[in-house]
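Trainee: Here's the letter readout for the chains.
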Amino acid sequence: MAEENYLYFPGCSVKRDARSYEKTAFDVFEALKLNVKELDRWWCCGATFGLAVDDVAKHLGAVRSLIQAEIEGAGMKTNKLLTLCPMCFNVLKRVNYLLRRDPEKLENIRRYLRDENLDYNLSVEVVHVLEVLDRFRDRIKKAVKRRGDGLKVAPYYGCTPLRPKEIGIDNPESPSIMERIFESLGVEYVRYPFKTECCGAYVSVYNRKAAIAKSSMIIIGAFKAGANLLVTVCPLCHYNLMLAYNSMKNKPPIKIIYLTELMAYLMGLDRNIPPDIKSFLDSHIGSRGENG
Amino acid sequence: MLDGIDYSEPRIGVFVCHCGTNIAAVVDVKKVVEEAKKLPGVVHAEDYMYMCSGIGQQLIINAIREKKLNGVVVAACTPSLHYETFARAVESAGLSRQRYKIVSIREYCSWVHFHDRKRATEKAIRIVAAAVAEIRDNKVYEPIRRKVIKKALVIGGGIAGMTAALDLANAGIPVILVEKEPTIGGKMIQLSVTFPTLDCAQCTITPRMAEVGKHPNIKLYTLSEVIDVSGHIGNFHVKIRKKPRMVDPEECRLCGWCANACPVEVINEFTRGLSKRKAIYLPFPQAVPASFVIDEEHCTRCGMCVKVCPVNAINLDEKEEIIEEDVGAIILATGYDLYDGRKLPEYGYGIYKNVIDSLQFEQLIVPSGPTKGRIVRISDGKPAKRVVFIQCAGQRDVNHLPYCSKICCMYVAKEALMFKSKVPDGEAYIFYIDVRTAGKGYEEFYKKVQEIPGVKYIRGRVGKVWEDENGDLIVTGIDTLTGETVKIRADLVVLALGMIPNLDKRLVEKLKISTDEYGFAQEVHPKLKPVETEIGGVYIAGAVQGPKDISESVAQASAAASKALQLLTKDEIEKEPLIAEVDRERCDGCGLCVATCPYSAIKLEDGYARVDEIACEGCGMCVPSCPTGAINLRNMTNKQIHEIIKAVYGVR
Amino acid sequence: MDWEPWLIGFLSKWTAGIAAESAGVNRVRYSPNIVLINVPCCGLISPIHVVDAFLQGADGVYIGGALPPANCHYKVGNFKAFKRFYLLKKLMKQFGIEPERIRLEWFVSPQYRKLAKTIDDFVDEIKKLGPITGGVEE
Amino acid sequence: MVEESVIDKIIRISGRNPNLCYQCGMCTAVCPMAEFMDVKPHQIVRLVQMGREDVLNIDAVWVCASCMACVDRCPRDVGPGIIFEAIRLVSLRRGIDKLDYKAVEEIEAAPTLALVTASRKYTG
Ligand SMILES: Cc1cc2nc3c(=O)[nH]c(=O)nc-3n(C[C@H](O)[C@H](O)[C@H](O)COP(=O)(O)OP(=O)(O)OC[C@H]3O[C@@H](n4cnc5c(N)ncnc54)[C@H](O)[C@@H]3O)c2cc1C
Ligand SMILES: Cc1cc2nc3c(=O)[nH]c(=O)nc-3n(C[C@H](O)[C@H](O)[C@H](O)COP(=O)(O)OP(=O)(O)OC[C@H]3O[C@@H](n4cnc5c(N)ncnc54)[C@H](O)[C@@H]3O)c2cc1C
Ligand code: SF4
Ligand code: SF4
Ligand code: SF4
Ligand code: SF4
Ligand code: SF4
Ligand code: SF4
Ligand code: SF4
Ligand code: SF4
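Line by line, the protein sequences are chains F, R, V and B.
For the first sequence, our numbering assigns the number 288 to the last residue and increments by one with no breaks.
For the second sequence, our numbering assigns the number 661 to the last residue and increments by one with no breaks.
For the third sequence, our numbering assigns the number 635 to the last residue and increments by one with no breaks.
For the fourth sequence, our numbering assigns the number 109 to the last residue and increments by one with no breaks.
Next comes chain F alone, as it looks inside the complex:
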């Protein structure tokens, strides 16, 4: 299987609410010579994993997408299904994990799908963009065009890429995968205590105050540690963080952006970076920006 080939599962939010995340990600993939192809068809993963043991039907959307990936993957010589959104990652990988470990559930699901002449052979590997970038750190190093002097980045993982630990991409209590990527990018990062703290997730819809409080704590923590950039990989975290930021009376001078926006900028791939972010980065990088 070709190591550079990936199928891509976009999910609802990236397509609708985080366009620049997706676009800059693809710019970065191209620069790293990765062949990433969007699934011809995909189904909403449901965004949260149904936890109850009798809730099999909630996994159907995810299974359909996994089957689609299995079929398309054969033609493309890959079994890797990449996601940008960590919530999609979390659901798809957990469903995959569950089916692999629980033959009874698998049989149950198969019964649903039999009428449609579908079957799933458990061959797909669900991967998150962070894992892929980590794997190609050498290429990242070579692709960097701008020096990140003046930037101090706070990595923000949130929960979904890391928990539960059976499917997490790194140690849920002290992940370092983003830090490694920053090192390859040549930007300075800060240590602060809230990089895996929950942003409030969907609770923002139920108890807005709580979500704002959580996200504010993260922003302030990052700022106090000296960061001027707070980097996320999740559209929902991004939303909650922005919600909190916008509700602050004294807004700290820190910008909340997607990891791939920062990467694209440092790689000199400016075309899809939102103008406000571009000018923020420009102003911090100062005159020594262009690599000599």
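Incorrect hints may have been included.
In silico DSSO-like links for lysine-lysine, alpha-carbon gap of 27 Å or less [stated by the list, open to error]:
{"#": "1", "chain 1": "R", "residue 1": "Lys648", "chain 2": "V", "residue 2": "Lys625"}
{"#": "2", "chain 1": "R", "residue 1": "Lys285", "chain 2": "R", "residue 2": "Lys362"}
{"#": "3", "chain 1": "R", "residue 1": "Lys391", "chain 2": "R", "residue 2": "Lys362"}
{"#": "4", "chain 1": "F", "residue 1": "Lys247", "chain 2": "R", "residue 2": "Lys496"}
{"#": "5", "chain 1": "V", "residue 1": "Lys580", "chain 2": "R", "residue 2": "Lys521"}
{"#": "6", "chain 1": "V", "residue 1": "Lys614", "chain 2": "R", "residue 2": "Lys127"}
{"#": "7", "chain 1": "R", "residue 1": "Lys655", "chain 2": "V", "residue 2": "Lys624"}
{"#": "8", "chain 1": "V", "residue 1": "Lys624", "chain 2": "R", "residue 2": "Lys127"}
{"#": "9", "chain 1": "V", "residue 1": "Lys510", "chain 2": "R", "residue 2": "Lys521"}
{"#": "10", "chain 1": "R", "residue 1": "Lys519", "chain 2": "V", "residue 2": "Lys580"}
{"#": "11", "chain 1": "F", "residue 1": "Lys245", "chain 2": "R", "residue 2": "Lys496"}
{"#": "12", "chain 1": "R", "residue 1": "Lys496", "chain 2": "F", "residue 2": "Lys220"}
{"#": "13", "chain 1": "R", "residue 1": "Lys655", "chain 2": "V", "residue 2": "Lys590"}
{"#": "14", "chain 1": "V", "residue 1": "Lys587", "chain 2": "R", "residue 2": "Lys648"}
{"#": "15", "chain 1": "R", "residue 1": "Lys189", "chain 2": "R", "residue 2": "Lys47"}
{"#": "16", "chain 1": "V", "residue 1": "Lys510", "chain 2": "R", "residue 2": "Lys648"}
{"#": "17", "chain 1": "R", "residue 1": "Lys189", "chain 2": "R", "residue 2": "Lys519"}
{"#": "18", "chain 1": "R", "residue 1": "Lys655", "chain 2": "V", "residue 2": "Lys625"}
{"#": "19", "chain 1": "V", "residue 1": "Lys611", "chain 2": "R", "residue 2": "Lys127"}
{"#": "20", "chain 1": "R", "residue 1": "Lys362", "chain 2": "F", "residue 2": "Lys220"}
{"#": "21", "chain 1": "R", "residue 1": "Lys127", "chain 2": "V", "residue 2": "Lys586"}
{"#": "22", "chain 1": "R", "residue 1": "Lys655", "chain 2": "V", "residue 2": "Lys587"}
{"#": "23", "chain 1": "V", "residue 1": "Lys614", "chain 2": "R", "residue 2": "Lys648"}
{"#": "24", "chain 1": "R", "residue 1": "Lys655", "chain 2": "V", "residue 2": "Lys510"}
{"#": "25", "chain 1": "R", "residue 1": "Lys536", "chain 2": "V", "residue 2": "Lys510"}
{"#": "26", "chain 1": "F", "residue 1": "Lys161", "chain 2": "R", "residue 2": "Lys127"}
{"#": "27", "chain 1": "F", "residue 1": "Lys101", "chain 2": "B", "residue 2": "Lys(-6)"}
{"#": "28", "chain 1": "R", "residue 1": "Lys538", "chain 2": "R", "residue 2": "Lys160"}
{"#": "29", "chain 1": "B", "residue 1": "Lys83", "chain 2": "F", "residue 2": "Lys205"}
No lab work stands behind these hints: they were computed from the structure.
Position chains R, V and B with the ligands against the provided structure of chain F, taking the given hints into account.
Mentor: What follows is chains R, V and B with the ligands alone, placed relative to chain F:
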């Protein structure tokens, strides 16, 4: 062979017991006697009301003499009850106990089949028939004897190992003590004071170390490890690898000039990284042997030390040595380690300097320690005023150590007390799930610590520890008794890490002992044989068997020494001769049995299998593995099993 | 039908043997149609003995050993027995004997009720199977 | 047929065993939402242990973000966060709907993700 008994033809007597009505009310005893008389080889059968009574025994003795019996079957209760009773009776009549068998028609028959007299009787007859068939072919073997080497090996020189070594040495047994570090002392020498009496650990242990060092019966090998063990109970052959010390302990005057001259500085493991030492160093002032040592790994062989040593004690070319010894018994006392705190990154161990483990905190308390007994923040050396202790830091947690480490509740109480005695205006917060104080004086000790103002026990857990922008530690947790979250700004956070066994796999394999699911050495029986291992002659002591405090380690060490003494005071050991035996006529040397034996008791010699009489435990596992039927268990041979089956089904 | 099965059982004396003793002490009644023989370890009993038993007239063979993994007095005897009998069961059909006629049960010594229950179950099962026909349906 | 009790149902559909909980409080200590909960996670587990059907009235289970911190860290593998989902589901399956669509409408530019997840967690 005993005199006066003719074994040429089977002459078996069967004795059926009524046990009052216990048997006779269900089993038709008379019928059993009648049927027994018809069995091949049986020349006598009778029944009696209470066979185990004096009269009953006399019946058997008389019958042996009068009827010239050469085999006895007693059909009564179980062997665990009366095997010995009748064995003695049989022997007093001059018959070997190997020609006697007791079978149960009570527990195995009348007591469980009281609902069906007819078939209970039929079954009793089959049971008797099987026993007769078995005994018919029993041979009389000489007991197996083997010389015992009156010398012991103790592995590990902590408090447990030293205690066992001294107990044995004082009883006159020469002891070889192997310690892998440059000095004996183990973990106890790193402690400050000890609960519940608060006596100084070093003052307690150093006289013992000195005694070990100069005891005429103890040969001490430091920087050494056991690399091979062969042989068996009473007669082990061990190989010991002794790493070079490169300083002659006989010559070294402890002047320390060498260390001053040495340019290489590394972290000091004795203080658990709280200080530095040179590549040539004295582990600590009371080390035994009292000598400097060169850290082979870090020494650059620059030769500076050699130049300054006034007595030429240093030899940089010293090589490792392999030493071989023969011993009769082995005591394993390799102790424990602490769980790796880095597996708890949520508490910041290995990330923030001021998050330390409990042994590091002990080092902060000891007056001779790296801070001279001052309790300070490791990051900046400022006095530590507020200390948070986290109990069960990984213990009782299925994600880390599922077991309770037993001593940490107590050492935290002690450390909090010591902290308060040194920093009277300090505050100690102790997060706990339960406080376990099962020991003499322990609950009282806990109560005493609770009484100290400024010591606060918080029933609950810490979720996370982090460092804020001022370099202070922030501890967030929950007080389950109030249901409120707590947030404490602390100078030091001490993790009460649990004990894990210090027992490497290779040593386990060489000793052929087993370990429990966590890697602690496995005792044979937790209640009745707590210091014995499955391997005869190998005993365990101290924390290598499971979490233990010092008193328990010492008690167990003395127990292990006493068990070893029971063995080593004998000139030879005798065991039942019921072991496997190879028929050379049939053995074709395929070696299948060799691989099957769990005790490595079989060797191939000149193309035949040979069973080591001492090592064989008589399990019989080798028997089915032999394709030619050459290997058999004495007095339970394949032929006998066949005869037993035949007898069971030969009854009508 | 007045046919009565007679089974033979080999018990490891350290575990199943003690369980049988406790069953007695506790007066736990079970079917008498089995003769129990104590052996040092169930690892001693080979498939040959089992086949022998069927040839001599056994209707079923019961083996009681130590509960894996850690209870075997001789470390691994129970595993050895398990492996051997797994293979034997596969071969049984070729002899024309139902594999269900052999049963291995694992014990720790206090499980005397289990011993009684498994023996009863086994005797019942053998009664259902009827006498050995050697593969020929009567 | 005897009807399954609320507590039995919670235990069954969670697939977890609350009786293993020894009330250490770790779930609460690591819960990011604990400060916004009326009843704390360890207390909810305790109430389930004691068979208290009124756990259905606890608001906290709706504040739980399913972040899985408690599930990962529980030393007895009780899976509190999973039990809370079961409590939610028992309510939802009884037709109790926690999502106030008005409130949702008010949230400007809530991403699809928030709405999809919320509709999963707060409606049947
Ligand atoms: C922080 C802390 C505080 C404590 N406070 C107290 C207290 O106040 N009171 C109390 O009663 N108990 C206390 N204890 C417990 C006490 O330390 C132990 O009970 C005791 O040290 C156990 O002794 P041991 O000889 O079994 O093991 P150890 O002390 O670990 O000794 C084992 C020895 O074997 C050596 N060794 C290891 N492997 C090999 C090998 N392969 N070959 C040769 N040698 C080897 C080691 O180097 C070591 O010298 C405390 C423990 C801790 C962690
Ligand atoms: C309810 C209960 C349950 C327990 N369960 C367990 C358990 O599950 N596991 C466990 O490990 N432990 C258990 N124990 C503890 C266990 O009973 C003890 O550890 C053990 O019995 C102690 O043995 P011993 O020989 O020291 O004392 P004892 O059993 O008390 O024996 C002392 C003997 O000395 C005799 N004696 C007393 N005075 C004199 C005298 N002046 N002269 C001559 N003889 C005298 C007594 O009659 C007695 O026979 C339990 C205890 C209790 C109370
Ligand atoms: S020998 Fe055993 S069965 Fe006979 S009377 Fe004595 S106790 Fe009872
Ligand atoms: S200089 Fe020589 S005598 Fe002095 S401490 Fe070093 S080795 Fe010993
Ligand atoms: S030879 Fe080794 S121990 Fe001696 S001074 Fe040099 S580095 Fe130090
Ligand atoms: S002794 Fe105390 S601190 Fe140690 S594991 Fe047991 S309960 Fe926890
Ligand atoms: S009887 Fe057991 S210990 Fe003895 S040789 Fe055979 S397998 Fe080994
Ligand atoms: S298995 Fe039998 S034939 Fe082979 S070596 Fe052992 S005793 Fe000899
Ligand atoms: S973390 Fe687990 S054991 Fe502890 S209180 Fe919560 S549910 Fe109970
Ligand atoms: S899953 Fe829910 S209860 Fe558990 S820690 Fe996360 S928010 Fe709290």
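Trainee: It remains to establish, for every hint, whether it holds in the given structure.
Mentor: Hint-by-hint comparison with the structure:
no.: 1; hint: R:Lys648 - V:Lys625; result: 32 Å, violated
no.: 2; hint: R:Lys285 - R:Lys362; result: 16 Å, holds
no.: 3; hint: R:Lys391 - R:Lys362; result: 13 Å, holds
no.: 4; hint: F:Lys247 - R:Lys496; result: 26 Å, holds
no.: 5; hint: V:Lys580 - R:Lys521; result: 22 Å, holds
no.: 6; hint: V:Lys614 - R:Lys127; result: 21 Å, holds
no.: 7; hint: R:Lys655 - V:Lys624; result: 22 Å, holds
no.: 8; hint: V:Lys624 - R:Lys127; result: 18 Å, holds
no.: 9; hint: V:Lys510 - R:Lys521; result: 23 Å, holds
no.: 10; hint: R:Lys519 - V:Lys580; result: 26 Å, holds
no.: 11; hint: F:Lys245 - R:Lys496; result: 26 Å, holds
no.: 12; hint: R:Lys496 - F:Lys220; result: 18 Å, holds
no.: 13; hint: R:Lys655 - V:Lys590; result: 23 Å, holds
no.: 14; hint: V:Lys587 - R:Lys648; result: 25 Å, holds
no.: 15; hint: R:Lys189 - R:Lys47; result: 68 Å, violated
no.: 16; hint: V:Lys510 - R:Lys648; result: 20 Å, holds
no.: 17; hint: R:Lys189 - R:Lys519; result: 16 Å, holds
no.: 18; hint: R:Lys655 - V:Lys625; result: 25 Å, holds
no.: 19; hint: V:Lys611 - R:Lys127; result: 25 Å, holds
no.: 20; hint: R:Lys362 - F:Lys220; result: 20 Å, holds
no.: 21; hint: R:Lys127 - V:Lys586; result: 33 Å, violated
no.: 22; hint: R:Lys655 - V:Lys587; result: 25 Å, holds
no.: 23; hint: V:Lys614 - R:Lys648; result: 31 Å, violated
no.: 24; hint: R:Lys655 - V:Lys510; result: 21 Å, holds
no.: 25; hint: R:Lys536 - V:Lys510; result: 20 Å, holds
no.: 26; hint: F:Lys161 - R:Lys127; result: 64 Å, violated
no.: 27; hint: F:Lys101 - B:Lys(-6); result: 19 Å, holds
no.: 28; hint: R:Lys538 - R:Lys160; result: 22 Å, holds
no.: 29; hint: B:Lys83 - F:Lys205; result: 17 Å, holds
This entry does not satisfy hints 1, 15, 21, 23, 26, going by the numbered hints stated previously.
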